[in-house]
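One letter stands for each residue in the lines below.
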Amino acid sequence: MNTTIVKRSKTTEPYDDIKLMRSVYAACLAVRTPAGEAEITAKRVAKELEAWLEKKPEVTSHDIRIHIAESLHTYNPHAAYTYKHHGIVH
Amino acid sequence: MAKQKFDYDLIVLGSGGGGSVAALIAAGAGKRVAMIEPDELGGECPNYGCVPTKSLLHAAEIYDAAKRGQQFGIRSGTLSYNYPSLKAWKDLAVERTGATEGKRLYEAEGIKVIEGEARFISPHEITVNRRHLSAENFIIATGTHNAVPPIEGLDKTGYITFKEAVNLTRPPKSLFIVGAGSVGCEFAELFSVFGSKVYLADITPRILSKEDEEVSELVRDTFENERGMSVLTNTKVLRVAKEGLAKRVYFTRGATETSVKVDEVLIATGKLANVDIGLENAGVEYTPRGIQTNDFMQTTAKHIYAAGDVVGPYNYTHTAIYQSRIAANNIMSKQKVAADYRAVPRVIFLNPEVASVGLSEDECIKRDLPIKKAVAPIAIIGRANTSNAEQGFVKVITDRHGILIGASIVCPRAGEIIHELTLAIQMRMRASDVANTIHAFPTWSEAVRIACSKVAKM
Numbered sequence: 001m002n003t004t005i006v007k008r009s010k011t012t013e014p015y016d017d018i019k020l021m022r023s024v025y026a027a028c029l030a031v032r033t034p035a036g037e038a039e040i041t042a043k044r045v046a047k048e049l050e051a052w053l054e055k056k057p058e059v060t061s062h063d064i065r066i067h068i069a070e071s072l073h074t075y076n077p078h079a080a081y082t083y084k085h086h087g088i089v090h
Numbered sequence: 001m002a003k004q005k006f007d008y009d010l011i012v013l014g015s016g017g018g019g020s021v022a023a024l025i026a027a028g029a030g031k032r033v034a035m036i037e038p039d040e041l042g043g044e045c046p047n048y049g050c051v052p053t054k055s056l057l058h059a060a061e062i063y064d065a066a067k068r069g070q071q072f073g074i075r076s077g078t079l080s081y082n083y084p085s086l087k088a089w090k091d092l093a094v095e096r097t098g099a100t101e102g103k104r105l106y107e108a109e110g111i112k113v114i115e116g117e118a119r120f121i122s123p124h125e126i127t128v129n130r131r132h133l134s135a136e137n138f139i140i141a142t143g144t145h146n147a148v149p150p151i152e153g154l155d156k157t158g159y160i161t162f163k164e165a166v167n168l169t170r171p172p173k174s175l176f177i178v179g180a181g182s183v184g185c186e187f188a189e190l191f192s193v194f195g196s197k198v199y200l201a202d203i204t205p206r207i208l209s210k211e212d213e214e215v216s217e218l219v220r221d222t223f224e225n226e227r228g229m230s231v232l233t234n235t236k237v238l239r240v241a242k243e244g245l246a247k248r249v250y251f252t253r254g255a256t257e258t259s260v261k262v263d264e265v266l267i268a269t270g271k272l273a274n275v276d277i278g279l280e281n282a283g284v285e286y287t288p289r290g291i292q293t294n295d296f297m298q299t300t301a302k303h304i305y306a307a308g309d310v311v312g313p314y315n316y317t318h319t320a321i322y323q324s325r326i327a328a329n330n331i332m333s334k335q336k337v338a339a340d341y342r343a344v345p346r347v348i349f350l351n352p353e354v355a356s357v358g359l360s361e362d363e364c365i366k367r368d369l370p371i372k373k374a375v376a377p378i379a380i381i382g383r384a385n386t387s388n389a390e391q392g393f394v395k396v397i398t399d400r401h402g403i404l405i406g407a408s409i410v411c412p413r414a415g416e417i418i419h420e421l422t423l424a425i426q427m428r429m430r431a432s433d434v435a436n437t438i439h440a441f442p443t444w445s446e447a448v449r450i451a452c453s454k455v456a457k458m
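Line by line, the protein sequences give chains F and B.
Read in this note's numbering, the first sequence has 23 at position 23, and its numbers run on one by one without any break.
Read in this note's numbering, the second sequence has 312 at position 312, and its numbers run on one by one without any break.
Honestly, the hints are just simulated from the structure, not real lab data.
You may find that some hints are simply not true.
Derived Cβ-Cβ restraints for the label pairs, each shown as a range [to be verified]: (1) B:Arg-367 x F:Asp-17: 22 to 30 Å; (2) B:Lys-302 x F:Tyr-81: 44 to 52 Å; (3) B:Arg-96 x F:Ile-40: 54 to 62 Å; (4) B:Asp-368 x F:His-78: 41 to 49 Å; (5) F:Tyr-81 x B:Gly-158: 35 to 43 Å; (6) B:Pro-150 x F:Lys-55: 16 to 24 Å; (7) B:Leu-238 x F:Lys-7: 41 to 49 Å; (8) B:Arg-130 x F:Ala-30: 28 to 36 Å; (9) B:Thr-287 x F:Asn-2: 26 to 34 Å.
Anything over 12 Å on all C-beta distances counts as not near chain B; from chain F, calculated [to be verified]: (10) Thr-33; (11) Pro-34; (12) Arg-44; (13) Ala-46; (14) Pro-57; (15) His-73; (16) Thr-82.
If you're wondering where the values come from, they're calculated on a predicted model, not measured in any experiment.
We treat Cβ as the ideally placed atom computed from N, Cα and C, and that holds for glycine.
Please work from the sequences and hints to get the whole structure.
Have a look at this one:
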């Protein structure tokens, strides 16, 4: 995955799937999701995000946050809300 | 306007009718303009849409006319076609639009053409191929993509859309078309003329459901009785499965489930706007159906405009060009112009052609408008006699004061005839004004005069 993430400060960094999964995992745990389920959800969300990123050389961290919140909503709406509104960001 | 704090005065996303026209106008006015295109230059219309389909349909019309020539004393020994040659003719028509040489032509006008996918990263900045470009204004004209319905098995069996359908090397022996709107009907016409067995299915109770009921009925009658199609209205496609090299399509009609085996499935169920371009980063509001704009083609971000299919409400090149002109004017001029869709001509290139403008009867009913209407069958005019073509009509609708507000035509050359009524509606003319205008004998347009004359007497 060669996508670059443009941060709010306009600095850039390469896409990091581990960092992303960690943030989704944390959002799931924050709404008392069992650790195993949180891990599976994080992997699914990361997979969906990577499919979306496939032909996108550059996206903003805001794009990532919106996309993850949408994707996470399917598996865990409470975690999606937490992710979107409580600053668990990439 | 030329402030150096931005790389460009205007960046246009998309090079179709919605984008290129504004880019040329702005460049002509001395603005620094860039145009971004991720696909073929020129967009859908010259490459996969209007131009290729109409050139193929023109060939189909000639072939069909030749087959019917005997009634006029024309004898042709063996009549046949060579589909690769038809495709070569289509390619020539596409080439002649200049779309293939577009980059050089645009750059000669001073427009910087950049190939790549653009994405907003802030209200005044986009990223293209990891390059960041800024502009004072933007026009979004990113068009649409096919909406593929969630039909079980479709992804495994494969299907074609209008993009592949114009590039087939031979017509399929049998074709199942899902969606009987204008695109579905035009391909149904094309392939049935060249011998394909066509099944035309739609979930709605009638084909061309946006047109007046009389139009749908006449087209259906022609499709079934003259083209040998199976028109399947009120039909829901359930699943598609492979059967050898062919495909079996399962569908319900009424309460009955049935299936047919076909060579190919064509999906023509409408389009969705291309809005995955970071609009959230620019503060532009949208729905999957399109970008929201005001009458001045301005989005919710005041410096960003949108035009063409990505906005709607029509998916036509002529409306895209119209909106593009308005957007360019409103960016550059203090005298703002609002879009006016009262008289948008709509043409479906069947044989006979279908054309309409303004409000349909259904729309008038939905709006509770008191109307008067009249229909003139073309069979009563001289041209129908000399051309031996009796199928068709002109229908006109006026408000209660006799001012023209809508019209539908099914008739040879309806796409040309409709413009008389388009002008009349645009200029808020009365039906009596058209009825009192001399129309040449024997022309199809005489039916317009007769229909207007009928409604003016009500």
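Evaluated hints:
1. B:Arg-367 x F:Asp-17: 22 to 30 Å: violated (53 Å)
2. B:Lys-302 x F:Tyr-81: 44 to 52 Å: violated (31 Å)
3. B:Arg-96 x F:Ile-40: 54 to 62 Å: Between Arg-96 (chain B) and Ile-40 (chain F), where Cβ atoms are some 56 Å apart, the hint holds.
4. B:Asp-368 x F:His-78: 41 to 49 Å: holds (46 Å)
5. F:Tyr-81 x B:Gly-158: 35 to 43 Å: holds (39 Å)
6. B:Pro-150 x F:Lys-55: 16 to 24 Å: holds (23 Å)
7. B:Leu-238 x F:Lys-7: 41 to 49 Å: holds (47 Å)
8. B:Arg-130 x F:Ala-30: 28 to 36 Å: Because 34 Å falls inside the window, the suggested range holds.
9. B:Thr-287 x F:Asn-2: 26 to 34 Å: Roughly 31 Å apart at Cβ, these two residues keep to the hinted range, so it holds.
10. Thr-33: At roughly 27 Å from the nearest Cβ of chain B, Thr-33 (chain F) sits farther out than 12 Å, so the non-interface label holds.
11. Pro-34: Correct as stated: the minimum Cβ-Cβ distance to chain B is 31 Å, above 12 Å.
12. Arg-44: Consistent with the label, Arg-44 (chain F) stays out of reach of chain B, its closest Cβ about 19 Å off (over 12 Å).
13. Ala-46: holds (19 Å)
14. Pro-57: At about 5 Å from chain B, Pro-57 (chain F) fails to clear the 12 Å cut-off, so the statement is violated.
15. His-73: holds (16 Å)
16. Thr-82: holds (19 Å)
The earlier numbered hints that this structure contradicts are 1, 2, 14.
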